[in-house]
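Trainee: Sequence:
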Amino acid sequence: MPKFISAIFLFLSLSAFAQKGAVKGFIYDHANGEAIPYATVKVEGTDFGAATDDAGFFNIPNLPEGKYELKISYIGFENQEEAVEIVKGKTVNVKLYMNQSSIELQSIEINAEKQRQRTETRVSVTSITPMELKRLPTVGGEADIAQYLQILPGVTSTGDQGGQIVIRGGTPIQTKFLLDGITIYNPFHSIGLFSVYETDIIKNVDVYTGGFPAEYGGRTSAVVDVTTRDGNQKKVSGKFSATPFVAHALLEIPIVKLKEDKNISSSLILNTKVSYLDRSSKAIYPYVGEEGLPYSFYDVYGKFTLNAGKGMKMTLSGFNFRDNANFAAARYLWNTFGVGINFLAVPKNSNLSFNTHVSYSQYEINLTEADNLPRKSLIGGFDIGMDFAYYIKNGELKYGLNVEGARTEFSFFNQFRQPYEQKQNSTDLGAYLMFHKFVKKFVTEAGFRLQYYGNIGAFSAEPRLSIKYNVTDRIRLKLASGMYSQNFISTKSDKDVVNLFTGFLTGPDEAAVDASGKVYDQIKNMQRSVDVIFGVEVDLPKNITLNLEPYYKYFWHLININRYKQFNSDPNFLIEKGDAYGLDFVAKWEWKGIYLYATYSLAWTHRNDGKQVYAPHFDRRHNVNLLASYSFAKKRDWEISARWNMGSGFPFTQTQSFYENVPFSDGIGTDYTAANGNLGVIYSDQTNGGRLPYYHRLDISIKKTFNIKDKAKIELNASVSNVYNRNNVFYFNRITYARVNQLPVLPSLGLSISF
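Just so you know, we're using my numbering here: the sequence shown kicks off at 418 and counts up by one.
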């Protein structure tokens, strides 16, 4: 079937070219050979044009015969022009190199972001570049996507320690995290300042808080798609840095050096980051306690890239990430690894391109507590697929197929010491079709995805639609809606104020019930959701942009661990419903080294388990983020940044009373009058009926850059996290009434050397 579909589109493309011609190619940075994504390519004197994708590739089909000038522009680079001659039925293949610009960036009126806003729907999606990541205060001396995600509208972080990301009412397991197309099951380290994504090798990050397109499947709430750079293909380069929190090393090696008159080049990226905060904090931050900050981790990542000819590219990526948190009462550790291959091919005289990907990743987590039985979880899976793109004037048609396999193992004891174990394999199939078209003032992206979950034998038909109307050059209206499904569930309890253990399960193949006792058959164990999003974008004078998006997301089928289970005969799972709704607002201003960014989110999240309606532990009503960055001095080599975050309190289940929990180790023969039991907790009947105090924190940093004859760069930075030492709650022991707070005020100094 895939070969048949490909043949049809190849025939159509060749038929179109029989009457007209086309120009396509790749655009690279002249300094290092890196592909330039989202550069604008316009055919002068016509309304033909295109933007490059993540690989730097563009395609402009259906051009009439004649001689043309291509004008290529991208913010931070000098505009470039290239003469081409279009011949009927032929394709002109080009490879172009752009030089970085020395002029003021703000003077460039037409940039890639404005072009994308006009020609793409861009509903509930934020694209993040390395430049934007580094505008944040470098908390701990290192910029990190974990810190940047927290300032995006609709995104909530559960804290500095053990922090997880919640997007518009969806739990972390309902968000798909990708690294070069490889699934990452938990991208955040136990100290919430750092993720497994390394800022210095990131090319682009797309964060879909809702309304994500049909090419993404297997999640019901959001997508975070991270793409890395290919590495310097002209010379050996790298970076070394150290702070009281982490040490970092990056090396980029050209295996076959890029030459503009040659078509073959290859490069290698090696990156590692190690945290020693569990040791350094005892000496540098003695006021946090005798144990210091009990966090340590290390990340290792590698990527090999091969460019062959003007239309072929292959990448091989691999990683291993580890995390350890050793508290007095518990030890928590996880390990994840993965490998992936991507192969991009652009046939010379075809209007079709395709990408083949194969990947495998695995995540294992263990938690051992002093007064509880251990918990273990493992999830591993492969993904094999092909994606095709057929280019038309001012648009494209995309389609693809993929096969995913997953294996889960889980061992757990609930609060009543009832065991649960699962070992399961599942194979899922997916197919999608997407159509994107920009006509005059309208931009339309319509898609459809068909998903099949093998372990429960269920199909899911998922239409997706996204529309934008350019009212004027400065005002745009947009709308998106879609249906989504997934087959993974998390093991976190909604009674936990903080829970470092995140286990994963596939959808159960047994009957499940809601808390009222209503039984659901296994076919309905597939989790599903639907969302509707409206929006308006406004460009004001002086480079001020505003964006407002009201949204509604309905989870009509959710599966949760049965937290009411007391006996072996009780069901293991509960079926729930839920919704999330609110509005997200963003304001941004950039002018002469000044960058101001403000977001406000107003949100409600509910769950209904058949017995009661409750707010999950991540429900946050108000969330405010203010970011300011200023580059100054003659060469703009000084920069000061500040970020303030305020969020209303998270809900928690209140304590009703205590009791003596006798273990009855000798069964009915136990002498309970002489036995020493543990102190047990009786929770309130209302789940999450209480609220923690408001959270707020201020972070600042300042950095100075020294350039050494364009061959090396030294950067010094100083930062302070939680400047006014706000006591934000991290953990509260119900038995001892001891309170542990989030990170206190933490000053830091950092040094990095790039070459």
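Among these hints, one or two may not hold up.
As the list claims (entries may be wrong) - In silico DSS-like pairs for lysine-lysine, Cα to Cα no more than 25 Å straight-line:
hint, residue 1, residue 2
1, 854, 815
2, 793, 810
3, 656, 1009
4, 727, 674
5, 1009, 551
6, 512, 656
7, 1009, 674
Unchecked claim - Now the in silico label distances, taken between C-beta atoms and shown as ranges:
hint, residue 1, residue 2, range
8, 1133, 1011, 19 to 29 Å
9, 959, 756, 23 to 33 Å
10, 1144, 859, 45 to 55 Å
11, 760, 547, 44 to 54 Å
12, 1162, 696, 11 to 21 Å
13, 867, 1126, 55 to 65 Å
14, 674, 760, 18 to 28 Å
15, 1006, 1133, 26 to 36 Å
16, 1133, 884, 43 to 53 Å
Since the hints were derived computationally from the structure, they do not count as laboratory data.
All of these numbers come straight from a predicted model, not from anything done at the bench.
By construction, the Cβ of each residue, glycine as well, lies at the ideal position given by its N, Cα and C atoms.
Trainee: Which of the listed hints are broken here?
Mentor: 2, 3, 6, 7, 9 and 11
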